[in-house]
Amino acid sequence: MFRKVHYRLTLLCAGTTIAILLVMSLIYLYVSETGLSQSQFLSFQHAMDNFVHNFKQQNVITHEWLSHMEANNSYWIRITDNGVPLLFNQRKLDQNRLAVEEEALACFSASFSVENTDPSDEDTDYHLEFPFTASTGADYYACVARISQEQQHTEILVLYPLQELNAKIKSQRLHFALIDLAAVFLLSLFSFFFTKKLLAPIEQNRKEQIQFVAAASHELRTPLAVILSSVSAIKKASPEEEENFLSTIDSEGRRMSRLINDMLLLSQADARAFPIRLQPVECDTLLLNSFESFEPMAKEKNISFAISLPQAALPPCLCDAERFRQVIAILLHNAISYTPSGGSISMALSLDTVKKSETFVLSVIDNGIGIPDEEKEKIFQRFYRSDRSRSIKDHFGLGLPIASEIVRSLGGTIHVADTPGGGSTFLVCLPFRFCSKAPMFDNHKGICYNKNTKKALPTDDQPLD
277 MFRKVHYRLT LLCAGTTIAI LLVMSLIYLY VSETGLSQSQ FLSFQHAMDN
327 FVHNFKQQNV ITHEWLSHME ANNSYWIRIT DNGVPLLFNQ RKLDQNRLAV
377 EEEALACFSA SFSVENTDPS DEDTDYHLEF PFTASTGADY YACVARISQE
427 QQHTEILVLY PLQELNAKIK SQRLHFALID LAAVFLLSLF SFFFTKKLLA
477 PIEQNRKEQI QFVAAASHEL RTPLAVILSS VSAIKKASPE EEENFLSTID
527 SEGRRMSRLI NDMLLLSQAD ARAFPIRLQP VECDTLLLNS FESFEPMAKE
577 KNISFAISLP QAALPPCLCD AERFRQVIAI LLHNAISYTP SGGSISMALS
627 LDTVKKSETF VLSVIDNGIG IPDEEKEKIF QRFYRSDRSR SIKDHFGLGL
677 PIASEIVRSL GGTIHVADTP GGGSTFLVCL PFRFCSKAPM FDNHKGICYN
727 KNTKKALPTD DQPLD
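Residues 277 to 741 in the working numbering are what the sequence shown spells out, letter by letter.
One or more of the hints may lead you astray.
Unchecked claim - Pairs of lysine to aspartate or glutamate, EDC-like flavour, derived with a Cα cap of 20 Å: (1) 654 x 538; (2) 444 x 415; (3) 444 x 538; (4) 652 x 484; (5) 652 x 598; (6) 654 x 484.
Unchecked claim - Quick list of the computed label-pair ranges, beta carbon to beta carbon: (7) 330 x 301: 36 to 44 Å; (8) 303 x 703: 38 to 46 Å; (9) 385 x 295: 42 to 50 Å; (10) 504 x 482: 53 to 61 Å; (11) 427 x 450: 21 to 29 Å; (12) 474 x 618: 46 to 54 Å.
Just so you know, these hints were derived from the structure itself, not from any lab. The C-beta atom is built at its ideal place from N, Cα and C for all residues, glycine as well.
Whole structure, please, built from the sequences with the hints as guidance.
Rendered as structure tokens:
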């Protein structure tokens, strides 16, 4: 499916950009060729003005001067004096040239009549330039002029072949065609890799969803099988055995309930509807309560458990107390689960002011089995469990992903490092911008204010999704 979408997006992206490129190229070519033709025609008109002016000023027109004009400017010049061609023109025996000249004169007669000017008026001096295409398909600029002096009437026809101009236009079109072909190839290549990179997160997300469903199905299958087998066994069990089977059913049912609740919590995070309610929280008090709750569990496994808090009172943190307590519980539960008997766990809270950026830092340190470097990022993936932890039944591989989502929703970060001497150290950092440095809390209204702005801050009654 993604391959077909990839190809279609590539075609859409490349097709759109290529169409825009071609349209812009055609517009540029049209403007460029029009400007080139107009510039060339204006240059021809200016040259003809000078030619006719110089012709009028000369009393004697020599063959040398006419030949020089033709050779240097690629002109075809035809001059008649009272209707009689000059000897210069009589030497021209090229029939094709003569035919083109006659066509030019015929085109001039038709065009000149359109201008409502009578060419039979012998006292009229004029010269007119116009583009002209011969029957052979060749393009020319033509100039027809009449000079009347006393009883002498001189008619001049000048043709300027446009082979050079057409060659420039064709060369320009060829260059643009080659450039456009190269651009089409590069744009297609770019679109292919760009759309592939664009779809990569979506494809990865779909793979993770498939893995999530498969892992969830696997995790749910085991307790469900135990429940069904216990129900079947109850039918044949004695009254004393029924109590054991009912206890097993209750335990596995609770396990399934925890798994389903965790998955629902993660689905809310995916939908950007993670329930977060902000309120001023005394984090040191929260840590002490968590320490007292997990201390019996640590003693049961013969694990040394300690807590470290700063001597100075910490400012209240603007966060979700229940969610933050959940993060602490997940980290402590993992630490106790993966630390062998006789090990040690310590928990600390501090306010880091490095680089003028105040940050609450919670650390949970153990000297347990540790986490390999290649797994440090993977442990925050859903249902991921290293081989050493798969034997622990109560761990589904969702605790750390939930902790990560909660910390992210609070605007903080969570990462893991190695403990010197062995074990793992989890660090949770909450930026001080989520903390009320000097809050005012109205106990009567239940609203937390900022002292500087006097604006109400979100509280329990104002959820932040």
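Tested hints:
1. 654 x 538: holds, 18 Å
2. 444 x 415: holds, 14 Å
3. 444 x 538: Given pair residue 444, residue 538 is violated - Cα atoms ~73 Å apart, limit 20 Å.
4. 652 x 484: holds, 18 Å
5. 652 x 598: violated, 26 Å
6. 654 x 484: holds, 12 Å
7. 330 x 301: 36 to 44 Å: holds, 43 Å
8. 303 x 703: 38 to 46 Å: violated, 59 Å
9. 385 x 295: 42 to 50 Å: Check passed, 46 Å falls within 42 to 50 Å.
10. 504 x 482: 53 to 61 Å: About 32 Å separates the Cβ atoms of residue 504 and residue 482, which means 53 to 61 Å is violated.
11. 427 x 450: 21 to 29 Å: For residue 450 against residue 427, whose Cβ atoms are near 54 Å apart, the range 21 to 29 Å is violated.
12. 474 x 618: 46 to 54 Å: holds, 53 Å
Consistency note: the structure conflicts with the earlier hints numbered 3, 5, 8, 10 and 11.
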